[in-house]
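K.L.:
Note that the protein sequences, when read in sequence, are chains A and B.
Sequential numbering from 1 applies to the first sequence in our numbering.
Sequential numbering from 320 applies to the second sequence in our numbering.
Misleading hints may appear alongside valid ones.
Stated by the list, open to error - Derived DSS-like pairs: lysine-lysine, alpha-carbon spacing no greater than 25 Å straight-line:
no., chain 1, residue 1, chain 2, residue 2
1, A, LYS139, A, LYS85
2, B, LYS422, B, LYS412
3, B, LYS381, B, LYS356
4, B, LYS396, B, LYS381
5, B, LYS388, B, LYS435
6, A, LYS84, B, LYS435
7, B, LYS412, B, LYS396
8, A, LYS85, B, LYS435
9, B, LYS367, A, LYS85
10, B, LYS367, B, LYS381
11, B, LYS435, B, LYS422
12, B, LYS412, A, LYS84
13, B, LYS356, B, LYS388
14, A, LYS139, B, LYS396
15, B, LYS435, B, LYS396
To be clear, the hints were calculated from the coordinates, so they are not data collected in a lab.
These figures come from a predicted structure and were not determined experimentally.
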Amino acid sequence: MEQAYLWTQIRKNRRSSYLVMFLTTALLVLTGYVIGMAFARGEQAGAYLGLAFALTLSVILILATWFGGTKIMMAASRARRIEKKDHPRLFNVVEEMAIASGNPMPAVYIIEDSAPNAFATGRDPQHAAVAITTGLLGKLDRDELQGVMAHEMSHVRNYDILFAMIMGVMVGSIALLCDAFLRATWYGARGRRRRSSSSGKGGGAQVIILVAALLLAILAPIFAKLLQLAMSRQREYLADASAAELTRYPEGLARALEKISGDKEVLEAANRATQHLYIVNPIKAFEKRAAGAFSTHPPIGERVRILREMSHTMAPRRA
Amino acid sequence: MNGAVIALLVVLGILVIGVLWFAVTYNGLIRWRNRVKNAWSQIDVQLKRRYDLIPNLVETVKGYAAHEKEVLENVTKARSACMSATGPAEAAKAENFLAGTLKSLFAVVENYPQLKANENFMQLQEELTSTENKISFARQFYNDTVMRYNTRIQQIPTNIVANICSFRAEDMFEVEAAEEREAPKVKF
């Protein structure tokens, strides 16, 4: 197997996430098309209408969440904004990463919680914020803290928050479409018995389309969810590699991850809706199952292994 | 419409697209070259920060370790040399020398536990550590930017525009002399 080298890690992770995004879009398009066609009893126009509906829905939801903002996230997580004098070391560490990435300084927040974790939000580096718990702040040394902050800031500069939002909206749209279709079919089937049958135009093909649409309506939301989780894991690996690019010291982040994974405490303010934004899955039960297709974060052991491999391939040659 | 007119329109269309592509690519290269210049000047911003911190550091250390006069004087002299250096080669040498004197100073401070525990000193230490890091990261960012710029002007098809309009590859920030690669020795 090819060794993890900093630049190839970054390219590989980016390519994988584009592939996942493409597949999800394809799934959304297919779902809209087939369901639209089934609704319109096999007519072509209905298919395009379904497609248009799916896309419009997506665009509206994206715009609605676009300006939602950091403030809501921070309020939900009980975070307190700090200035340099409140915690010079944290502030300096973040500032150093801002210089290394050529981006402006994000807003820095601290969360009063003894469980160790950190996250970042912001639609682009000009509107970014990072947060860390007092629990994590107390556990890490300077290099480890810098690794964690670099990882979080990389989420912003790789536009992961934006990616996650688009994915969430697409998956949500697929689920909504399928749900609406299944309901309509259910009620339609009950009503049909009382009416005489429809014009009988292309009866056989109609049934096939209906069955295909039903199958898709049941399976598509599941596939979409799996794709979304796969995307989340890829972006985590990418954030790790990007952090290594910034610090040029992957060992720092590797040690920090090991320290975090050793802790058994549950982060109180986190929940299912926000779990994907944290550096390590804050819901402990999910972290245990992290080897599977159903988790938002890759297993920590794997992340540490890749980071250390990058460290090794980055080391200067001894003369 | 006959064949000749269509052919003419196609040729015209291709020319227009060609010119547009050239302009867009040229503008992109200008943006990248300016990014390189900006990244270079950001290094100076961090270097100046270091100069500003040093007088305070020297005063704090003097209060506890008055007989370490030689080390303190070295730091002050090195700082002056940096600020009066002419030309990038001399500046680079002076900067490296200053970094060396600071390392010696911090090594010496290890012998004075009261000084180490002093609140003011600890804050200064954090600030200086951070400033050294910021200088490194500013140089790192400069090198990363140069890498991206150089890659762009060398890749097809951007290199066509680059060669016609004389965009040259920039140099990375490198440690020049062999003796500068060695860590400065600390004398007790």
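K.L.:
When the structure is checked against the list of hints, which entries are broken? Sort them ascending.
P.N.:
3, 12, 13 and 14
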